[in-house]
Structure formats: C-alpha cells, structure tokens
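Visitor: Spelled out from the first residue to the last, the chains are:
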Amino acid sequence: MSKISFVTVVIVLMGQALAATQPVDTVPPLPGGPWARSSDLESVAVDKRGEVTWISNGYDSQVSVTPSGARCYRISVIKRSWHPATGVASTAALPLQGLVTAQVVTPSGIMFLLAPECAGDPGRAALLRADNSLTVTSVSRAIFRARMVLLSDGAVAVVSVFGADDSDEQRKRDPGKRHFRAFIIHPAAGGMGIEQMPDLTLPSRDDFALAAMPGGRLMVLGGSDDRFRGCNACRRDTHILDPRAKRWSPGPALQEPRSEHAALALPDGSILVTGGWTPSAGWGKGPSRSAERWNPQTNRFEAITPMPTGTARHRFVWMPGRTGTLLAGGGTNSEVQAYDIETGSWHLAAAAAQGSEEGGCVFVPFLVGGEAYAWAANRSEGFYSSKDCIEQKYWQALPLRLAASGTLPAMPAHFGADGSFVAYQSHAAFVPASANEPALLIGGTTHAGMNSYLVTAGATAIGVDRTVRALPSLNEPRSDALAFRVGNGVLVARGHGEQDEGQPLPMEWLAANMPEARWIRVSDSAVHPSSALGQAADESLVEVAPDGTVRLLRLTFDPPDEPAIAASELPNLGWARRSSANGEEVRVRGLAAGGVVVAGGEIQTDKVALLTPDSLSGEGPDQYVGIGPYSPSRRHDIYDPVIKVWRASAPSPGDGGRVTIMDDGRVAKISRFPGADGADPRYELEISTADGTAWSTVRAEELAPMRISDSTKPFVVDGELFLSGELVSLSTGGGPSGVVWFNTATRRWEVLWRAAATDNWRYHVGRVIVHPLANGKVVVVPVDGF
Amino acid sequence: MNKVLLLLAVVLLAVWGAPSAEEVPLSNDASMVIGNDVWQPGGRYQDGDDWLALVCTPAQCHFEPARLLVRPESWQGHYDDEPTEGQQLTFQRSNAGEGEVVAWLRKSPQRQWLLPGPVVTYASKAGGLKRPPTEGTYEISVPLTEGGEARFVPLYDREGGIFQLQLRALGQRQMLGELRPCSHELSTDYLLWAGEMDRDGKPDYLVSYVDEDGPVILYLSGAAAPEQLAGVSVAYDAPPFGGECDGMGWLEG
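These protein sequence lines map, in sequence, to chains A and B.
Going by our numbering, the final residue of the first sequence carries number 786, and the count climbs one at a time with no gaps.
Going by our numbering, the final residue of the second sequence carries number 1039, and the count climbs one at a time with no gaps.
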C-alpha cells in the first residue's frame, strides 16, 4: 500500500460551455477539457456533498518498444473529482500508469482495472480508498472489455468475453475466446485477493447484462453471439456464478430474450431487467420498453410495468438523496426514466434534445438547490467516428421531474429564466391549462439517435406557476394522440403506437381524484387511427372518421371504476374528409349551443354506390362512399343541432391550409394561393364568420413580423388566437422561430416568443412557454402550436 | 348435413360477393370498330364499303356510309419474342360532315336495321351526358322518350376491389361489366351512346370498358335474354396495351 500525495488543481471554468450545450440556469457551465476525455462515467462515487469521483486517464500516452521488441503503452492514471452542480473540479495524478478499462465503486473505495503496459505483462487491479491509499495487484486474466460488478458480500466480480469484438473468422479460429471469463477480487485490509473462476463455455458477444445476487452470487442475463445489433439471435437464458463453489449453473429464463439490456440488483434482493432488443422490439422496431423482475422467492422472472419508452445500452443510477427512486439513463433514447421501487411505477423524468444509437457516455444525476438534475452526454455515432466518448457531441443538464413516492414528495422541475421549458416530446397530445389545472403534454416521440424517434408513454404537467411535474405513464405509448379534460380527469384518445401497425389504440382515462393516479384503459373506445376528434359542449367527444361518418362518444362509469365509451351516431358529413399528408389536419370543435364545426384537411367530393345485396335486388337506398382524389378543403362543415343537419360553409378564397376553430365557431386558416406566372404559392391568414357564410383575409403587414407560410400553425388556447411559425428573417432550420398572439383590444399581433438567432430547431422540440397576456390572462402555450 | 350440400352452400355464399357480370365475348366478330387507324390482331377484316359510321353532333346522331381500308401490319408487344401479325384498319367517311364518329358498324343480313340516316338518340358524349340527382358522381342518367330514365350506376365492390357497372331501367337492374379494371379510377367515359338502334322501341347502349385495353360492347334490347334489359350484340376489343397494369388506383390502401 502506498500513500499518495495529491497534486490538486481546482478548476472552475466559468462561461466555458461546449458548443452544443444547453446550460440550465441554475447549473454552472459544464467543465470542458479533460472531463470530456474521461471514459464512460459508468460508475462514479458520489460523496455527501454531491461530488462525484472516478478514475480516468490523462492525455499523455506514449508508445515505446522494449529491447525485446514488445510494445509498451504508458499513460497516466488520474483521479478526477467533479461537483456537477457547481462545476468545481479537481484532478489528482495517481502514482501508476496504464489504461483504465473498468471501474466500480465499492464500500472500500474505487476499484479499477489497468490494461498491461507492455505486451506479455499482466494486467492489474487497483483499489483507491477514501483516504487516498492505493492498493495494486496483478491479475492474469484478460481485462479488456471487462465489466465489474459489486457483489452482495463486498467482493467484486470481473467478467469479460475475450474477443467479443473480433470478427467471425477470428472467433472461429479460437472458439475459446468467445466464452465468459471471470475472476473475483476480494478487498482485504492488507491488499486484494484474486480468485479465478471457471469459464462459462457459452459463446457470447458484449451485449449481455450482469447483476449481483444474494449470497455473493452473480447472474449473467441474456445477450447473444450475433455480431449485429438487435435480437436476431439473442437469448433468454441466465447463468449463475457461485464464487464460493466456483461453479456456474443455469438460472431461470428471462421473460423475453434480450440483448444490450440493463439489469440491477434491488435492495430486496430482486433483480430489475429492462429494455434492450427483444424479438418483438428488434433492430428497426425497438428497442424494447418492457421490464421484468427476478423474484428471489420464486426464482422466476415476472413481467412488470414497462418503461415509458424503449431504450437499450442504458444503465441504472440511484437518484442521490432520494431512496427508492431509480433512474434509467444513458441509453439509446434521449430520456431519463424513473422507477419507483415502492409502487413499481415508471415515469418520464426528462428527455434530451438528442439521443444516440450508441447510447450515452455520461449520466450523472445530482441535486442542487432542492431540485434534481442529470448531466447527460451522448456517445458519438457518426459513421467514421470511433463511437467512443471522446467525441461526445452533446452535453446537456436535464432538469428532472420526479413523482412522489411513499413519504417522499414530488420534485417538480422549474422553468429556466427564459420563461420556457423544453420537454423534447414532439407529436405529443397537448391539453391547455384550465383555471386550476396545469397544461399537459402526453405521449409523443423522443429522439433516439440519427433519424430514429421512439414513441413514448411519458406524460408531463406544466403549471402556470412554471413548474413541471411528472405524470403517470400511459399504458400504451402513443404519438399524435388527442387529449381532453372530461369531468375531473383527462381522456386520451387515438394516436400511433410504438410498433404502429395500424391497429386502433384504446382510449385511456386518468382520474385526478384517484388515490393512486394511473391511466385506465377505456372499454369499447378504439377510434379509427385517422379519425379527427373534438370536444362537444357537454364534454363528450365528436369523432369524425375519414369516410365522413360522425359519432358522439360519451365517457360512462358503470361500474364506477370501469370507464367505457357509449357511442351514438350523428348524421354523416357530406363527404369524406381526412388530414392531409403535409400536416393539414382535420379539426373538430363543439360549440356552446350544441353545434359542431369540422374544418381543415382535404375532402373527397366524388362518391360511388357500394355493391350490396340491396343494390342487386333494388331494395333500399344505395349506400354511397367517397371515392377518388382528395382536394384541399376550402369549406368547413357546420352541424346545426336543432335541425340535425350538416351544412357546408362558403368556400374560402384560398385552398387548404392548417386551421383552427375559435370558441364562437369562426375558422382561422392559412390558405394557399397560386403564385403568379408559376411562382411559388403565397399564403394568407383567412378567418370565416361564425356562421361560415363569408371569409376575410388578414393583411400580411398586420401580421408582421410573422412570415405566413405553409408551416404557420394557427391555434387557440383559452379563447385566444395564436400563430406559430417563422418570424421574418429568423429561421431555426425547420421548426418555429416565433409565436404571435392576436390582441383583440388593440387589433394587433404581439410577439410572445422568439427563438435566438443561432438556434437550431431541435432546441425547441416540445418547448412550452408560460406568458401573461395584456388582457390579464396567463397562458401555457407550446411554441409549435397544437 | 351432407358434405356436398355444405360445400355447395359455402360456394354459393362466396360467389355472392362477386356477382357475375354480363359475359363479355373475348373476341369480336369483325363487325364493329371503335376509333380510326387502329390495329387489330389476325386477318379478320377486309377492304369494303359495307360499313356505316355512327356519327354524333351535339344535336343528333346518324349513320352514314363508310369504307374500310385494310393493310397488313405487325405489332411488337413489349414482352413478346416475335411480333404479332395483324391489320391496320383505316376508315373513310363517304360524305364526311360535322360530328364525331362514335363507332364503325358493318352491315349484315342479321342487322337489317343498320341503315344510313338518323338514329334515335337518348344520350351521347357529343350531346352531353346527364348526371342523375343522386350522390353518385359517376352515374349517368339516360332520359327515355317514353318517359322515365335509364341509369348507369358504377358500384364499388369493396370486397373484390373492383367497380361493376349496373344498368337500371324500367324497374329492372342488370349487372354489366367491370369498369376501369386497370387504372381503378372512374370516369363517365364509359357510355358512348344510348338510343334506339335496332328499331324495336326499346333502348340500346354502346358501352366502353376500355381501360388501356378491354372491350366496347353494343347492348341491344333485341338481344336481351329474359330478365335482361339489353343483351350483348357486338363487341370490339381495343388494340392491345403494351404497358403494365398492376396498380390499384383509387383503391390503394
């Protein structure tokens, strides 16, 4: 044992942020430089002050050749400490050299492995204790790509599959390389004991999971011997190593085969397993969000509530200062997902702007000022990159919203100083705030690397007090859903599922007054995935199917805890009406007097009679359906509840466009007009009268600085009319750059939000602002409209 | 239950979904041609002045004498190893005046009513087709001189993914042929002419099923089987189409 002397350099890098960092105001900028070079922060020690410590390498690698011809690699080993909340960081060179290949935090200190310096040398295991004393011992087994797991008896298991990255040809030449190799390190007062374990003669790659078991045992879970990502050949079998008996034995089968999943021993001795690639969520469809738990009493894996969103290559970290809240992060998706071990429930705690198909490098949750955050950085995923953590391209401090658990209160996140919050959920259902209720973002998609997006079941509440709270996750992940307040709860309908194969999703109901809030599937509630839905004055929903059929859907509670839908027919529209592929959606809105307005999308004016038995016999009237091409809608349909008929509005001067329906039945529409002499079309905001008999056009100069285009979205929140879109000379490269509000008192449009000049559209995916209006209202508004 | 009876019942149930349309002859008898300067396979046609042109103006239709000139011509199909031998048919109107030729019909002893002069016409493309007061965009109403109307109703067979044409008149309904089997996109081009051709006082119809290829059929009341409104009298196969026909048009998705 040697006592080391520390050369501590305290660095406080003020104002030094990485290029793509979106700093949170309450968190100092992330220290750059050597911290970005650090290896995966898979295992960091967190002290009572919240400072994290890990072992890393310096930049001083040197290659030399010995007289015997052996190559030697020398690189300094550094203890790094960093307070994620303050940015205060320090380094201390350790008196040894070598490439750090793995590390784990133990009660005795940080234990880590060093690769051999020279070919033929043994590797080493080292233990850096809290008093900075260092113990080093030689290990003879391969330690490249090794994983270290702290066992329940305080020993550390080191497991590797030597040659896991080799080509199939290399592996054929040396089948023994493909097997699991393991040894146990026993920390002791005077040093460390190394105990070799037998090989597990199971061919494998590096996509398995490890977890500690009661009695100092270790479980290997799943994985595959397939060189490709996904689950073409992934396994459901588990294998248990008993170090005392020095024996591997078969374990219970997983509920599903998995690869690149995560596993962790929980305090009750059970093992939590989540995500990865599975047969039903393989490469191209997945990763999976399913979860299971090994029950030590029954020695079986049992399916448990799935995560809100699928992920792979993730890891679990306990939330500091909050016993019982486990966070899954650092995976391929951009999210932090929280698991409450007491209730067994999951919720979406945060999402970042970008995920990575290679997973994350850094995932460090921390507390500051009574609020929870996590630093996250992606692994580089460019085709030519090394896909390592050196090229980390995106760091972000994510404010976490954590649900209440047992006696622990909920921890909301708070808006930044810019008066907005970014959920990074796109295509989410939005429910505007009401007098006493927050606005809601439900489901949607989050980024998962490259051009991948994953559908989430996560839900978030945003209050006018600028707090952001976690809601229970939906049973069914869904994007492009619609949600409505009904009675004392929220009803979510429609949407596309995570493995969208066109099957309709059932509605889900979240009652605000339930003792344990959770989403309940609603019976008999599936609507056509492409139906438009709006809410009638009596809170029932109006469903307009693409073929023009109309139903009134009323939520019933008989028995009280089993919500169901009672449907009744309204007369059909005069034509088929559907949302267009370019985002011009059909909108439905009930009016105070019982009327309904259906507007937008594209309509099919041609019809053909159906061939039925009656059409042969001549009995009964013909049944007609829409047929043929669709045309951009210029008329909206208005239902008269007194005479129970639909009538069409006057045609708008311009074609199609995104629409919104105001409280009094007026329709606002971004209409398209052909450009002169083959020029690009121009767009104008048109507003109908409430009875639909006439249209007026808002002059472009009145709308300045909003540039009206096909991406401009009109929408109504709390009876106020807004436009989301591009401001003149301000582009984010694909998303909105501003939101304007029409002040009816001054008859002028006022800018409520504008992006910064250099912003990328990704910064504003799911951005929500809370803004006071000149008329005294305070509105919660998604900057991308809804 | 007897297995044979059970099978028969199943078959009968299955065929209801695709009611049999009028049997359409697969080849014509060289007594009607649609279009001019057209190619036909084989060698059935010969030069002659025993033809009449059915000519329509917006005001009326009539038959006028015409001559057919035939020359040998081969046609190289896109997928054929060897060209198909055939004939190029060119018609000349003897006293060409106003109007468009709807069809060329060859005189024959069996069609004594085929004479030059005016033809009682209820509907023609030249005179404009009338849409009935129904929701069906592609339906055609043919007003009959004796009162009432005949109506052509394209029916969408959802199960079969096809459009079938139905003729309704005098309280009767008769399934005709399949419309637009290639493009699966409807139009009202199918009715070329309706009137009284065979001089029996009942309406006759010239209907085109051409959709890249396909027949044009003259339905005559005089050729009607019992319980039919009109029967197939003459059919003409359009020149072969050399392209593909594998889309579902409006029925996609």
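Accuracy of the hints is not assured; some may be wrong.
[Said to hold, decoys possible] Cross-link-like lysine to aspartate or glutamate pairs, in silico, DMTMM-like; alpha carbons within 20 Å at most:
| id | chain 1 | residue 1 | chain 2 | residue 2 |
| --- | --- | --- | --- | --- |
| 1 | A | Lys246 | A | Glu195 |
| 2 | A | Lys48 | A | Asp121 |
| 3 | B | Lys916 | A | Asp622 |
| 4 | A | Lys713 | A | Glu750 |
| 5 | B | Lys916 | A | Asp131 |
| 6 | B | Lys911 | B | Asp975 |
[What the hints assert, rightly or not] Which residues of chain B face chain A? A partial, calculated answer using Cβ under 7 Å:
| id | residue |
| --- | --- |
| 7 | Leu915 |
| 8 | Pro919 |
| 9 | Gly922 |
| 10 | Tyr942 |
| 11 | Asp943 |
Keep in mind the hints are simulated off the structure, nothing from the lab.
Idealized CB from N, CA, C, for every residue including glycine.
Visitor: Of the hints given before, which are not true for this structure?
Guide: Hints 2, 5, 7 and 8 not satisfied by this model.
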